[in-house]
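Engineer: What follows is the residue order along each chain.
Protein chains: 2
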Amino acid sequence: MSTTQTNKIETIKASSTKINEVDFSNLSFGSVFTDHLFECDYKNGEWQKPVIKPYAPFLLDPSTRVFHYGQAIFEGMKAYKDENDDVWLFRPDENYKRFNTSAVRMAMPEVPEDIFMSGLNQLLQLDEAWIKKGKGNAMYIRPFMIATGTGVIANPSDNYKFMIILSPVSSYYSGEVKVLIAEHYSRAANGGIGAAKAAGNYAAQFYPTNLANKEGFQQVIWTDDATHTKLEEAGTMNVFFRINDTLLTAPVSERILDGVTRKTLIDLAKSIGIQVEVRSVLVSELVEAAKNGSLKEIFGAGTAAVVSVISGFSYQDVYYELPKIEFTMALQLKTKLENIQNKLEEDNFGWTVKI
Amino acid sequence: MSTTQTNKIETIKASSTKINEVDFSNLSFGSVFTDHLFECDYKNGEWQKPVIKPYAPFLLDPSTRVFHYGQAIFEGMKAYKDENDDVWLFRPDENYKRFNTSAVRMAMPEVPEDIFMSGLNQLLQLDEAWIKKGKGNAMYIRPFMIATGTGVIANPSDNYKFMIILSPVSSYYSGEVKVLIAEHYSRAANGGIGAAKAAGNYAAQFYPTNLANKEGFQQVIWTDDATHTKLEEAGTMNVFFRINDTLLTAPVSERILDGVTRKTLIDLAKSIGIQVEVRSVLVSELVEAAKNGSLKEIFGAGTAAVVSVISGFSYQDVYYELPKIEFTMALQLKTKLENIQNKLEEDNFGWTVKI
Chain A
1 MSTTQTNKIE
11 TIKASSTKIN
21 EVDFSNLSFG
31 SVFTDHLFEC
41 DYKNGEWQKP
51 VIKPYAPFLL
61 DPSTRVFHYG
71 QAIFEGMKAY
81 KDENDDVWLF
91 RPDENYKRFN
101 TSAVRMAMPE
111 VPEDIFMSGL
121 NQLLQLDEAW
131 IKKGKGNAMY
141 IRPFMIATGT
151 GVIANPSDNY
161 KFMIILSPVS
171 SYYSGEVKVL
181 IAEHYSRAAN
191 GGIGAAKAAG
201 NYAAQFYPTN
211 LANKEGFQQV
221 IWTDDATHTK
231 LEEAGTMNVF
241 FRINDTLLTA
251 PVSERILDGV
261 TRKTLIDLAK
271 SIGIQVEVRS
281 VLVSELVEAA
291 KNGSLKEIFG
301 AGTAAVVSVI
311 SGFSYQDVYY
321 ELPKIEFTMA
331 LQLKTKLENI
341 QNKLEEDNFG
351 WTVKI
Chain B
1 MSTTQTNKIE
11 TIKASSTKIN
21 EVDFSNLSFG
31 SVFTDHLFEC
41 DYKNGEWQKP
51 VIKPYAPFLL
61 DPSTRVFHYG
71 QAIFEGMKAY
81 KDENDDVWLF
91 RPDENYKRFN
101 TSAVRMAMPE
111 VPEDIFMSGL
121 NQLLQLDEAW
131 IKKGKGNAMY
141 IRPFMIATGT
151 GVIANPSDNY
161 KFMIILSPVS
171 SYYSGEVKVL
181 IAEHYSRAAN
191 GGIGAAKAAG
201 NYAAQFYPTN
211 LANKEGFQQV
221 IWTDDATHTK
231 LEEAGTMNVF
241 FRINDTLLTA
251 PVSERILDGV
261 TRKTLIDLAK
271 SIGIQVEVRS
281 VLVSELVEAA
291 KNGSLKEIFG
301 AGTAAVVSVI
311 SGFSYQDVYY
321 ELPKIEFTMA
331 LQLKTKLENI
341 QNKLEEDNFG
351 WTVKI
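In order, the protein sequence lines correspond to chains A and B.
Residue numbering for the first sequence follows full-length UniProt numbering, starting at 1 and increasing by one per position.
Residue numbering for the second sequence follows full-length UniProt numbering, starting at 1 and increasing by one per position.
Accuracy of the hints is not assured; some may be wrong.
Each pair may be met inside one copy or between any two copies, as identical chains are not told apart.
Said to hold, decoys possible - Cut-off 20 Å, straight-line C-alpha distance, at most; resulting in silico cross-link-like pairs (DMTMM-like, lysine to aspartate or glutamate): (1) 214 with 158; (2) 324 with 39; (3) 18 with 61; (4) 343 with 86; (5) 354 with 128; (6) 291 with 321; (7) 296 with 82; (8) 132 with 338; (9) 336 with 347.
Keep in mind the hints are simulated off the structure, nothing from the lab.
Let the hints inform the model, and build the full structure from the sequences given.
Structural biologist: Written out as structure tokens, the structure is:
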């Protein structure tokens, strides 16, 4: 990965800043955006000149393809400011690679590395004042691409728009998370787009998640759609299970997103001597472990929430409460990861990249 | 279904018409739009005042939910002008019902019947000059709804926009259609959104369809994702198989769209004494029938193409060419359906509704 800025991107600065209107001690996740955005359009078979400009709405024709045929992908990343006011990205190469993997699966053009990385770096530099120091604080980065061609015919678009927008955040989830194991609904098909960070995957989850909410569960643990016997993801996160002192998580597949936090936690866990098994985890195995007391923890892993502790799960109308543990692997891994991200602990993995 | 127009919708007329710029003898499907559109926004938990206004681009924030989490649904319908200049819709109640079925599955608000039907009728009346007489000519109608709330958090949107846009069309497909039977990729999961007319379902098909195109096939016949043994849809259409003199098509399910043309063709076929079996059709059965000569026809059925004749299929790298038949069921059913739609033949089914 190259983070060198080969070209200075044309930059149109906002005439004033909105930063003073923002209460940074009371941020609602993903709802506040910085003064600028990065934009690059694709047309006539090639990427056009990128630009950084004031964050603002833009015009789209009613027949724009993204509205009708759903070609839309995104990434979620974070930047952190250390005590010396240096700004750091966390494994940006992983997000860049996955973005283009998603693009290929959705029949969209791949974004060149220089456009993605230069845009990201120069945008963060320009809106650097919006990145706050301190654990939990971060700049949530949302690169995304949409089909902007027009016409209601179900073919891939000819035009696309790639954008990066920035949203300062503190934390994501709070409180207890109870989950429902999916027995009917599912998030991904074999031979489908579950491994892509495609917009349509998220909309598909809302209805079954709403049903779970009504029964008192905050999230759904998705199972394979063919048999509903294998545990795959939790809500919009990858999921880990601790049985006795072993951490278990499903292998990535065409149904399961290759999560950056997931792979980071696997490496971190191994580095501190935790045994990790990457293999299919069966619902029956989880229920058995809950019954015999060997199931100690369940947690989700993702960029937004980092680690989200799950307090219990329901399956076939039986609720299994997890034991309360003083010193959890979830907390241990979350603390270690956040310390590395916030540059409070040495990064022996080469994950953090200074902008 | 009520097609009475209870309320006159506020109408802002275009200052001039674009109709004289359009070559109606050379229309590219879904690429030309009429002078006006219908729009109704949903916010604060309710539908706002609808409006008919000039067709024009509109502004969206970069964090608009449809770009990131893909809540977007649509319908495809047609209106026809008869020899007396009366304008007819075809089974609009079916599209209306399916639109709301899709809305529920995608966690979007249902559109009230009066808004949908009054909007449709009054918009067609206003742009009536754009509807041309004659077989093959029609007004393609695209009702759609997108999530317009803002913020990059993976929850259902609070705001939505419902629109109807109109595109004059002549015909859709032309030429020979060879299809590839899907052995790996798929369009829908068990417990997924395959039965919804959701934007994300279409984007998911583009990449495998592109792969098929490269091998010389125009479309993919989708199979069930778990076993790839059952024939489900063809491209974006339902699919029919004629074995000897029986028509076969898969039952609708949560993986298969409840197509209006599909159910219409089933009824039409039965009405003229064709035996129809609605049941799972196995790939193995199709291959066997192709080998022993009992497979006579395959055709897709959908609003856009009406009936799309398939000339052969490939499975496990073997290509099976279908026999050339003088008088096909496909043509017989297509002619009958188009005659009813164009009011050239009596509608004994009550399918056509005058606006």
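Engineer: For this structure, which hints from the list above don't hold up?
Structural biologist: Hints 2, 7 contradicted; others consistent.
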